[in-house]
Amino acid sequence: MIIVDKALAQRAAQGNPIRVAIAGAGYSGRRIAYQIMTAVPGMRVVAIANRTIAGARSAYADAGVAEVLTVDSPSAVDDAIRSGRFCVAEDPGLLCAAEGVDLVIECTGTVEAGARTVLKAIEHRKHVVVMNVELDATVGPILKAKADANGVVYSNSDGDEPGVAMNMIRFVRSIGLKPVVAGNLKGLYDRYRNPDTQREFAERVRQKPTTMTHFADGTKLSMELNVLANATGFKVGKRGMYGPALAHVNEAAAFFRERLIGTGMVDFTVGAAPANGAFVVGHTEDPVRMDYLKYLKMGDGPLYVFYTPFHLPHLEIPLTAARAALFGDATVAPAGPPSCDSVAVAKRDLKEGETLDGIGGFTAYALLENYETSRAQRLLPMGLAEGCRLRRAIAKDTAITYDDVDLPKGRLCDALRREQDARFA
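Per this note's numbering, the very first residue in the sequence shown carries number 1; after that it's consecutive.
None of these hints come from the bench; they were simulated from the model.
Honestly, I wouldn't trust all of these hints.
[Stated by the list, open to error] With a cut-off of at most 16 Å between alpha-carbon atoms, the simulated EDC-like pairs for lysine to aspartate or glutamate come out as follows:
1. Lys351 to Asp403
2. Lys396 to Glu352
3. Lys178 to Glu352
4. Lys297 to Glu352
5. Lys297 to Glu316
6. Lys120 to Asp79
7. Lys396 to Asp190
8. Lys238 to Glu67
9. Lys208 to Glu352
10. Lys238 to Glu251
11. Lys120 to Asp102
12. Lys351 to Asp286
13. Lys297 to Asp357
14. Lys238 to Glu258
15. Lys351 to Asp300
16. Lys146 to Asp403
17. Lys120 to Glu90
18. Lys409 to Asp91
19. Lys396 to Asp329
20. Lys120 to Asp91
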């Protein structure tokens with residue numbers, strides 16, 4: 001942050017801001033636009049795409065911009081940028097193809113539409129920041145490979161738990177410790193929550209019931225830690241992780257001491273104070289370092305717990321954009337082959353012929369599994385579950401396989417997943 005803020009200030013002084021386009025003007029997109037436009041010198045939201053123009057215009061209005069142009073071609077986007085005006089479009093592909101855009105933030109939370117936007121941005125050599133763990137967990141490694149081939153950055157975001165944890169992992173390594181466990185501090189975890197149980201709360205916080213459902217039923221948790229696992233090579237100790245209920249996150253050192261695996265692992269705690277943010281368990285048996293850590297009240301070791309008691313995704317994502325555009329640095333991105341997989345599990349007894357309603361719905365939740373096991377058992381990724389028709393009945397809490405379903409035809413996300421599986425076989 002200390003380097004990034006100076007670099008952004010320099011860009012502002014030069015009158016040469018990073019030109020950002022945002023795909024999606026829902027809850028996240030609106031707040032990201034507001035943050036950049038009101039608090040980030042040296043960065044400018046030059047265009048917003050949304051499935052409804054009114055939503056994109058409203059996002060600008062919230063940020064204090066009353067006059068915007070509606071555009072229907074990449075050249076019109078470039079004309080608006082050159083004239084210093086802001087623009088909106090229904091098709092995010094127009095923004096991705098515009099020469100005047102430096103970086104695209106994808107924050108729709110959808111897998112299929114998000115994949116199309118990210119792929120288009122990469123093809124046009126735009127840096128991409130995804131605030132979309134659903135997409136990243138499902139096909140992030142192949143998208144990262146394509147970004148690398150085109151010389152651009154693909155990254156998930158600062159502020160969301162994978163980014164918070166990855167920043168701590170880099171810090172822990174920098175002080176001479178080996179990260180061995182990393183994950184989320186979770187307040188609520190109930191696999192059987194659904195849009196009906198979450199509706200009242202969703203209305204209170206002005207969110208969609210499906211969004212609040214996948215926060216509560218563990219699907220987003222699994223996908224966030226999937227993103228972190230793919231960035232680190234960490235695995236899970238068992239399907240679904242351990243998820244211990246602890247009084248304080250500092251107790252994680254004792255809990256995981258006998259459960260460590262050689263690759264490192266992702267996991268989570270439930271109800272552990274401070275109940276928000278992310279944690280990393282670092283290891284060292286160096287006697288000098290251990291003596292110093294004990295003196296500084298970090299415990300007796302050899303495991304030490306580091307944590308950040310907050311995460312502020314909409315406020316911090318501009319830092320990710322700046323790191324990518326100015327330094328070519330990804331906050332958190334796949335390091336190579338997939339390490340884990342977020343697999344679909346029946347939320348209730350499902351009947352033959354039913355259609356899965358996907359993330360945050362009534363029919364399935366996600367559990368995190370090691371990628372090799374998922375491949376060997378042909379488990380269905382949760383990110384591909386929506387629209388799949390069941391060939392047979394599935395009992396509650398049973399993992400759903402590719403052999404159990406008929407996939408919708410013609411989806412880009414399925415093609416990308418096949419390409420990913422083949423590339424990293």
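For each hint, the structure was consulted:
no.: 1; hint: Lys351 to Asp403; verdict: holds, 15 Å
no.: 2; hint: Lys396 to Glu352; verdict: holds, 13 Å
no.: 3; hint: Lys178 to Glu352; verdict: violated, 48 Å
no.: 4; hint: Lys297 to Glu352; verdict: violated, 57 Å
no.: 5; hint: Lys297 to Glu316; verdict: violated, 30 Å
no.: 6; hint: Lys120 to Asp79; verdict: violated, 20 Å
no.: 7; hint: Lys396 to Asp190; verdict: holds, 14 Å
no.: 8; hint: Lys238 to Glu67; verdict: violated, 53 Å
no.: 9; hint: Lys208 to Glu352; verdict: violated, 28 Å
no.: 10; hint: Lys238 to Glu251; verdict: violated, 20 Å
no.: 11; hint: Lys120 to Asp102; verdict: holds, 13 Å
no.: 12; hint: Lys351 to Asp286; verdict: violated, 57 Å
no.: 13; hint: Lys297 to Asp357; verdict: violated, 49 Å
no.: 14; hint: Lys238 to Glu258; verdict: holds, 14 Å
no.: 15; hint: Lys351 to Asp300; verdict: violated, 54 Å
no.: 16; hint: Lys146 to Asp403; verdict: violated, 29 Å
no.: 17; hint: Lys120 to Glu90; verdict: holds, 15 Å
no.: 18; hint: Lys409 to Asp91; verdict: violated, 22 Å
no.: 19; hint: Lys396 to Asp329; verdict: violated, 43 Å
no.: 20; hint: Lys120 to Asp91; verdict: holds, 11 Å
Hints 3, 4, 5, 6, 8, 9, 10, 12, 13, 15, 16, 18, 19, counting from the list given before, are not met by this structure.
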